[in-house]
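*Asks:* What follows is the residue order along each chain.
Number of protein chains: 2
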Amino acid sequence: MSRVRGFRPAPLTRRRFLEQLGAIGGSSLVMTAMSSMELMADGAGERPQLTGKPGKARVLVLGCGISGLVVGYELAKLGYDFQMLEARDRVGGLAWTVRRGSEHTEADGGERQVCTWDEGQYVNVGPWRIPHSHTGVLNYCREVGVPLQIFLNESESQYVYYEGDAIGPLAGRKLRVREVRADLQGQINELLIKAIDQHRLDSPLTVEDQDRLANFLVSQGYLDSTDRRYKAFNNRGPGDPHDLAALLQSGFGNRIRSVSPLEGTVASPMFQPVGGMDQLPKGLARAIGSNRIALNAEVQSVHQDDRGVKVVYANSKNGKKTEIAADYVVICLPLNILANIDINVSEEMMTAIKAVPYSSSAKIGLAMKRRFWEEDDGIFGGHLYSNLPLGEFSYPSNDYFTKKGVLLGLYANQPVADLLDRPVAARIEHVLTHASKVHPQIRQEFESGYAVFWKKVKYNLGGFATGAARARRPQLTKVENRLIIGSAATAPHSEPDWQEGAVAAGWQALTSLHERAMRSSSAGGR
Amino acid sequence: MSRVRGFRPAPLTRRRFLEQLGAIGGSSLVMTAMSSMELMADGAGERPQLTGKPGKARVLVLGCGISGLVVGYELAKLGYDFQMLEARDRVGGLAWTVRRGSEHTEADGGERQVCTWDEGQYVNVGPWRIPHSHTGVLNYCREVGVPLQIFLNESESQYVYYEGDAIGPLAGRKLRVREVRADLQGQINELLIKAIDQHRLDSPLTVEDQDRLANFLVSQGYLDSTDRRYKAFNNRGPGDPHDLAALLQSGFGNRIRSVSPLEGTVASPMFQPVGGMDQLPKGLARAIGSNRIALNAEVQSVHQDDRGVKVVYANSKNGKKTEIAADYVVICLPLNILANIDINVSEEMMTAIKAVPYSSSAKIGLAMKRRFWEEDDGIFGGHLYSNLPLGEFSYPSNDYFTKKGVLLGLYANQPVADLLDRPVAARIEHVLTHASKVHPQIRQEFESGYAVFWKKVKYNLGGFATGAARARRPQLTKVENRLIIGSAATAPHSEPDWQEGAVAAGWQALTSLHERAMRSSSAGGR
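Those protein sequences? They're chains A and B, same order as listed.
In case it helps, the working numbering puts the first sequence at residues 79 to 604.
In case it helps, the working numbering puts the second sequence at residues 79 to 604.
Honestly, the hints are just simulated from the structure, not real lab data.
Take the hints with a grain of salt, since some may be wrong.
One copy or two, it doesn't matter: identical chains are merged, so the pair holds either way.
Taking lysine-lysine pairs in the BS3-like style, the calculated list, with each CA pair at most 30 Å apart, reads [unchecked claim]: (1) Lys155 - Lys482; (2) Lys309 - Lys272; (3) Lys481 - Lys155; (4) Lys447 - Lys155; (5) Lys432 - Lys399.
What you are looking at is a predicted structure, and each value in this text was computed from that prediction instead of being measured.
Please take these sequences and the hints and turn them into a complete structure.
*Replies:* Below, the structure is given as structure tokens:
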């Protein structure tokens, strides 16, 4: 049975709060809030320990995103007879890595993009980083032989760049995280030392321990060991310290913590698969076996009765329809896609399915001729901290010191301006315009971009299931006779915006299926 | 010409001070002092831009450690006619990676070790980490196609374990760096907030900015946002906060800095070659071409006169001697090895050569059946912070989440107890005994160890040239007619205990050689 680790009561208003915040302050503000609110995803818990094997139950899994692949992988290990259907010509769903030859046409007759980057250049346009606590995903990487490397969430060399009147004197200045940290801590330590020296410290510390405290403050803050004042010093980088009042007014301090959170978007360390996030779905599919997975199989209808389920799918290349029969069907499609499939579930279930909105997640990868952020700025991994309308702007945590590289020019989970309605070239231009405030080289080094706005990606039409899914889970996780939903939206305790949530959802569906199948099997029926 | 970047007057007493400290307090204390003193190596500066090609000058390079390989690589690019001699059956010198099949017999009839670890398991027993500022080494990695990965110098999950009366109540306790950081900062922030609330802060900050400061202190230190006190909170890990006085008494705080230094042993980020440090020398050798490098060629004598140099070397397998003639010889051997070769240099030169002592560097790799530090303790990379007689005890920054792994059980640059005089098994037992205080699983998971004590490694008989080399450099870098010394000990501004120093020394020797050869060439002589 799946054991729930670190369960917390569902904070129903989380995503909603962040969405409102995003509408007001832009996605950067949301990122900040997310890291400061400790609204973190937990690990998926322990993998269900299932035993036994049902008689001849035949299972169909719909969708080969992470949750579907997890179900398939475990069904194979349990010795089930199963098939998987995937509408695309690739597995992975949101876990998509764009590289040379990747292509897609935006929904409703939108633009077609084809990636022409050099071999070896890529960007993860869906999930991209795995906290070390997400042992569900990490252990699957281990099992299917996907090597992992460190994903650097912060680099002290990265820039902080905020615009606007609210920022104060440091608005529009390009600072290093290193300067912000060092100057804040150094000047604060100086203040505390003064209080100690003036015997103004209200503390039970002995005089000896107060001396030790002062020594610690000198060493931690790189203060001058003679007069114990904070001055410019090598490790903060060139220039004079920034004024403490200006730093406090800027609000940059909300990026600084004594220790990094154990969970969530800024946990440390985080990991990424070597060679792209798609290595995980590819590895799972390899382990499952290609004979089990039908690609280009677009599900049209799912009809169950007391004797079984009939699923009709169309070949997405030539439209040819095929009917396939099964005893049970595990549905691992995005709920907003499922909502438009002809399926005989209860009214309550369809209401719940239709009630879950999906995020407006988007990413834009920018291939660069030269890794100027490494060569010119000494930045290796991490993100730009800014309030520019770019969401997260990120530097690659792979292939350091090679020639070319792909920047993540924009990552947002809420709409950014009206980008969704603009041509791809205009979206890329938006990124170049804003990013060049910090990296003036970006235009000259720019090769070509690739924009993935999930709201316009066929078979997804959105990113991850938003927080609204939580309220619907009691309904969504009900087994309706032969149908079980295993989409990431049903993740029992992890947030569905992490692959770990997809794993947890898969495990939960698998457990429900196995219980259902074993019950029928032991009852002699099927 | 080589441009010197970040030159500082030679701190002649540095290494000597650290050696004395090591003799008193053990190597852990030295590590601490090194990281707190900002006695850091600078990058090698810029690669010399040499032009022209001397007539028919034939060059011999002695030694295929990093400095020799750099000289050879650049000579090839300049179009020189050259050969390289290397006494071992491998290139790299100190840049040695021990893996299955590695073997050596300690000098003077000592023990023989043969590494029997699984394929893919390895440990770097010489240099192991490259600060991002060491662009000399990093650019060679790039040029010869050696991929780099992040070397994690600190992980918040790693343990702090100190023994002894001086440590106070926290002696013998296994703490996480995370707890130490969070508890110190949180309680210190609480003290400062109290001073602000009691209007005891002596600062020009406005009341509004003092509010901002208090808010920053709450958020940075994870204080309770209501009463602004520091309490147990999720991200510090389980348990109650440690007493501030106890933390201050322990001295653990000297491991904590507002920002990591830009240079040296705890710079961030650092890198390592994927697959082992020996990938760099192998890559350089590949680029140079195997026809240029004679392995198993032990130099016996170097005799120069006005017309040229004659070098005699013996095949280290069968003793067969060969004489080879050259116009110039670049010597990239450790000076303590050179001191015992029959060579006609000036008396002043030989005095300088003999005056440079080499470090007692040692490393012990321990192959483990299971990565228990990852699986059981959630530690990924970084070191154990302790005063145990292990020097640095380190976790691998590679192949995370795989099954087996190699721990660096001991890394010291000074003698540790009398380990050098004990059998290899006893040295390994020493490590297991002490390390099991922190990692009780280590004995059960232990597979086999490999100990490299450089004082006993033939063709080195020591680690890196110690600080005493600095005073001898004006002499050592003199060109004595046709002989030029390019050993790492002559590094012009970097410390010779970094590969970057070896690169800088190679560049310097190359520049001297080229000037000398071009002068003769243009004068019509050779």
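*Asks:* Does each hint fit the structure? Answer for all of them.
*Replies:* Structure-based check of all given hints:
1. Lys155 - Lys482: between (41 Å within a copy, 24 Å between copies)
2. Lys309 - Lys272: For Lys309 and Lys272, both the intra-copy (15 Å) and inter-copy (26 Å) Cα distances are at most 30 Å.
3. Lys481 - Lys155: Intra 43 Å, inter 20 Å, cutoff 30 Å: inter-copy only.
4. Lys447 - Lys155: between (45 Å within a copy, 25 Å between copies)
5. Lys432 - Lys399: Within one copy, since 26 Å is at most 30 Å while 85 Å is not.
Every hint from the earlier list agrees with this structure, and none is contradicted.
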